[in-house]
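Peer 1: As a plain string of letters, each chain reads:
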Amino acid sequence: MSEDNKYLAEVKDLKQHFKISSGFFGHQTLKAVDGVSFDIKKGETLGLVGESGCGKTTVGRSLLRLYTPTSGEVRFEGELVTGKNITPLRKKMQMVFQDPYSSLDPRMTVEDIIGEPLDVHKLYSAKSERRDKILSIMELVGLNAEHATRYVHEFSGGQRQRIGIARALAVNPSFIVCDEPVSALDVSIQAQVINMFEELREKLGVAYLFIAHDLLVVHHISDRIAVMYLGKIVEIADADELNESPIHPYTLSLLSAVPIPDPIKAKENQRIVLEGDVPSPLNMPTGCPFRTRCQYASEKCAAECPSLTDRGNGHRVACWNK
Amino acid sequence: MDINKNKIEEKVRHNEENLVLQVKNLHTSFFTDKGEVKSVNGVSFNLQKGKILGVVGESGSGKSVTAYSIMQILADTGRVVEGEILYKGKNLLDYSKKEMQGFRGKCCSIIFQDPMTSLNPVFTIGHQLMEAITLHTDKNKEEAKKRAIELLKLVGINEPEKRLKQYPFEHSGGMRQRVMIAMALASEPDILIADEPTTALDVTIQAQILELLQDLQKKMGMAIILVTHDLGVIASMCDEIIVMYGGRVCERGTAEDIFYRPCHEYTKGLLRSIPNVDNMGQKLVPIAGNPINLLNMPKGCAFCSRCDNALKICIDEVPYEMEMPDGHYASCWLNVMRQLEKEGKLAVNE
Chain E
1 MSEDNKYLAE VKDLKQHFKI SSGFFGHQTL KAVDGVSFDI KKGETLGLVG
51 ESGCGKTTVG RSLLRLYTPT SGEVRFEGEL VTGKNITPLR KKMQMVFQDP
101 YSSLDPRMTV EDIIGEPLDV HKLYSAKSER RDKILSIMEL VGLNAEHATR
151 YVHEFSGGQR QRIGIARALA VNPSFIVCDE PVSALDVSIQ AQVINMFEEL
201 REKLGVAYLF IAHDLLVVHH ISDRIAVMYL GKIVEIADAD ELNESPIHPY
251 TLSLLSAVPI PDPIKAKENQ RIVLEGDVPS PLNMPTGCPF RTRCQYASEK
301 CAAECPSLTD RGNGHRVACW NK
Chain V
1 MDINKNKIEE KVRHNEENLV LQVKNLHTSF FTDKGEVKSV NGVSFNLQKG
51 KILGVVGESG SGKSVTAYSI MQILADTGRV VEGEILYKGK NLLDYSKKEM
101 QGFRGKCCSI IFQDPMTSLN PVFTIGHQLM EAITLHTDKN KEEAKKRAIE
151 LLKLVGINEP EKRLKQYPFE HSGGMRQRVM IAMALASEPD ILIADEPTTA
201 LDVTIQAQIL ELLQDLQKKM GMAIILVTHD LGVIASMCDE IIVMYGGRVC
251 ERGTAEDIFY RPCHEYTKGL LRSIPNVDNM GQKLVPIAGN PINLLNMPKG
301 CAFCSRCDNA LKICIDEVPY EMEMPDGHYA SCWLNVMRQL EKEGKLAVNE
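Going down the list, the sequences are from chains E and V.
Mapping the first sequence onto my numbering, position 283 (from 1) lands on 283, and the numbers just tick up by one.
Mapping the second sequence onto my numbering, position 7 (from 1) lands on 7, and the numbers just tick up by one.
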């Protein structure tokens with residue numbers, strides 16, 4: 001038990017398949033997440049990057065059991081997460097959504113939005129305690145007390161995201177899944193929200209699963225980064241290590257494709273432009289999912305899917321050739 | 001001295017010959033139920049032949065409205081209130097409806113942000129491409145088809161003959177954006193406006209499209225106006241950049257000027273606030289406050305409520321554009337004050 005407690009969240013061989021109807025009677029299986037394993041330590045930030053449709057959001061949602069996983073297991077503080085014990089566990093793990101416009105109820109005041117998790121988990125004994133709790137959380141995320149009685153439409157995108165974060169923090173969780181929390185915000189506001197995430201981590205010691213597609217943002221906030229491609233993790237390593245010495249060909253091209261905000265460096269940067277598009281997850285290639293776009297692809301790649309192997313210092317890569 | 005003067009004059013003449021588009025003091029407003037929304041408040045810039053001009057700013061800074069004003073495809077409530085848009089010396093705002101139709105597509109075309117919604121879902125790719133070709137040239141159907149195949153090849157689409165018969169839903173986002181680009185290039189325009197062409201795409205697909213735009217620009221020599229909020233995209237693509245905030249141009253200059261010698265507080269703030277390779281371990285320095293409300297524009301500088309170094313004059317008066325050396329312009333009172341201080345002329349005690 002004590003060994004289990006080393007990790008806050010552990011995900012083992014998580015699979016999340018969706019049934020899609022095709023034609024009148026037919027069903028197809030969409031393998032959104034296909035065998036993902038990782039773990040998150042206390043107070044650690046794991047960044048999860050990948051292109052749209054690679055299953056990163058699904059991983060986050062399955063972790064919180066917003067979906068029932070097809071197979072595999074998720075453990076939180078050593079305890080197996082199942083449908084039965086999820087309500088008490090949700091007190092410890094929360095989520096911040098991408099779109100601050102659609103993830104907040106327009107008919108509720110800010111006070112009610114932040115207070116709802118308190119109501120659900122019965123975390124107060126008197127009305128005044130509820131209000132005190134709400135106000136202290138609002139202060140924590142940089143909202144004023146007078147905002148409490150307002151409705152969401154009165155706020156800008158950045159402030160709405162603060163409300164969303166306050167709602168997640170209301171139950172005092174130790175783990176938050178952040179699903180693209182800054183990608184809907186303007187550049188000048190993004191930095192405010194990123195800084196807030198970092199400050200909250202220092203103050204409260206929460207761990208994050210930080211899902212995003214912007215590699216520079218992920219690198220900035222994460223301790224470790226996992227790269228996903230078509231439902232599988234292809235590389236996972238320390239944030240700096242991954243950026244300085246990426247191994248998997250997909251990570252390499254992903255990193256080289258990031259536009260650098262510096263004209264001279266951008267002109268020197270040799271982009272490795274990948275050919276073609278991501279294959280449909282309904283019709284996955286055999287073996288390694290990346291082989292159709294990989295310049296090193298060999299016969300072995302088509303025959304068998306590589307698994308993550310350790311290349312030293314916890315830098316794990318799933319590739320036959322590299 | 002004389003030689004220098006001659007050189008400058010020659011340079012000016014050379015620049016004027018190479019100008020394809022000149023926007024002078026453009027004001028565009030939308031007349032809504034809640035009042036006049038001044039989206040663009042006095043934007044001026046020049047577009048040189050064969051150059052890529054980047055327009056960068058946050059949402060609501062007026063960058064897209066500027067682009068739409070050039071094409072005159074504003075929503076019904078929107079109108080250019082003041083200013084001139086000169087294309088080869090002629091003011092576009094004086095063009096008749098018919099002349100404008102000739103201008104669009106033939107001289108200047110636009111690609112939009114969202115390749116998912118900017119193609120018509122009920123017509124094939126071929127139909128839509130050939131429509132663009134026959135509209136602007138006197139080619140017949142057969143020739144138009146040939147040209148369409150040529151264009152699809154040009155933008156790097158495999159099996160163009162097969163693709164012509166397919167519908168937009170059969171293509172991925174990157175492919176649709178390629179089709180949009182092919183359509184925009186159908187009659188080889190002088191100017192291509194790309195309004196956030198890669199915002200809806202993934203990083204690796206974004207890299208493909210940016211590479212394609214650069215290649216095409218080299219091959220066909222058109223000028224590109226690239227509207228985006230992504231400083232990374234701007235840095236790798238553009239020769240010249242204008243930074244917009246609250247419907248005004250804060251700063252304009254070459255890519256090096258903007259990134260290495262920023263002279264406006266907003267540009268400086270933006271550059272500090274983005275995660276970069278150099279500031280990885282450090283805290284980001286965000287720009288305080290929230291974007292401005294266009295319905296309620298401040299009297300003075302639009303950025304002054306969020307600026308750390310704002311002066312009293314910033315609240316009351318709109319700063320004028322001042323030339324920093326060599327075609328690098330910034331509109332900030334701080335620069336004016338610094339200049340006056342240097343010259344020892346600072347009489348007003350701000």
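If you are wondering where the hints come from, they were derived from the structure by calculation, not from laboratory data.
Heads up, some of the hints might be wrong.
[To be verified] Quick list of in silico lysine to aspartate or glutamate cross-link-like pairs, EDC-like style, CA-CA up to 20 Å:
no.	chain 1	residue 1	chain 2	residue 2
1	E	Lys267	V	Glu256
2	V	Lys218	E	Glu268
3	E	Lys265	V	Asp190
4	V	Lys153	E	Asp119
5	E	Lys31	E	Glu44
6	V	Lys283	E	Glu299
7	V	Lys34	E	Glu275
8	V	Lys283	E	Glu199
9	V	Lys49	V	Asp190
10	E	Lys265	V	Glu211
[Said to hold, decoys possible] Partial list, computed: chain V residues near chain E (C-beta under 10 Å):
no.	residue
11	His27
12	Val37
13	Met175
14	Ile205
15	Pro291
16	Ala310
Every residue gets a Cβ at the ideal spot worked out from N, C-alpha and C, and that includes glycine.
Peer 1: Please go over all the hints and tell whether each is borne out by the structure.
Peer 2: Here is how each hint holds up against the structure:
1. The hinted pair formed by Lys267 of chain E and Glu256 of chain V meets the criterion: a straight-line CA distance of about 12 Å does not exceed 20 Å.
2. For the given pair, Lys218 of chain V sits about 18 Å from Glu268 of chain E by alpha-carbon distance, which is consistent with the 20 Å threshold.
3. Of the pairs offered as hints, the one joining Lys265 of chain E and Asp190 of chain V is violated, with about 29 Å between alpha carbons and a cut-off of 20 Å exceeded.
4. At roughly 60 Å between alpha-carbon atoms, Lys153 of chain V and Asp119 of chain E are farther apart than 20 Å, so this suggested pair is violated.
5. Taking the CA atoms of Lys31 of chain E and Glu44 of chain E, the gap is near 28 Å; set against the 20 Å cutoff, the hint is violated.
6. Between Lys283 of chain V and Glu299 of chain E the CA atoms are separated by roughly 46 Å; this puts the pair beyond 20 Å, and the hint is violated.
7. Between Lys34 of chain V and Glu275 of chain E the alpha-carbon distance is near 49 Å, which puts this suggested pair outside the 20 Å criterion.
8. For the suggested pair Lys283 of chain V and Glu199 of chain E, the alpha carbons sit about 10 Å apart, so the restraint of at most 20 Å is met.
9. Distance check on the hinted pair: Lys49 of chain V and Asp190 of chain V sit about 8 Å apart at the alpha-carbon level, within 20 Å; holds.
10. A threshold of 20 Å between alpha carbons decides the hint, and for Lys265 of chain E with Glu211 of chain V the separation of about 16 Å falls inside it, so the pair holds.
11. With its C-beta approaching chain E no nearer than about 23 Å, His27 of chain V sits outside the 10 Å limit, and its interface hint is violated.
12. Annotation: Val37 of chain V was flagged as interfacial toward chain E, and the flag is violated, the nearest CB pair being 16 Å apart, outside 10 Å.
13. Hint status for Met175 of chain V relative to chain E: holds, with the closest Cβ pair at about 7 Å, below 10 Å.
14. The closest approach between the C-beta of Ile205 of chain V and any C-beta of chain E is roughly 7 Å, which is under the 10 Å cut-off, so the hint is satisfied.
15. At its closest, the beta carbon of Pro291 of chain V sits 6 Å from a beta carbon of chain E; the interface hint therefore holds under the 10 Å criterion.
16. Hint status for Ala310 of chain V relative to chain E: violated, with the closest Cβ pair at about 16 Å, above 10 Å.
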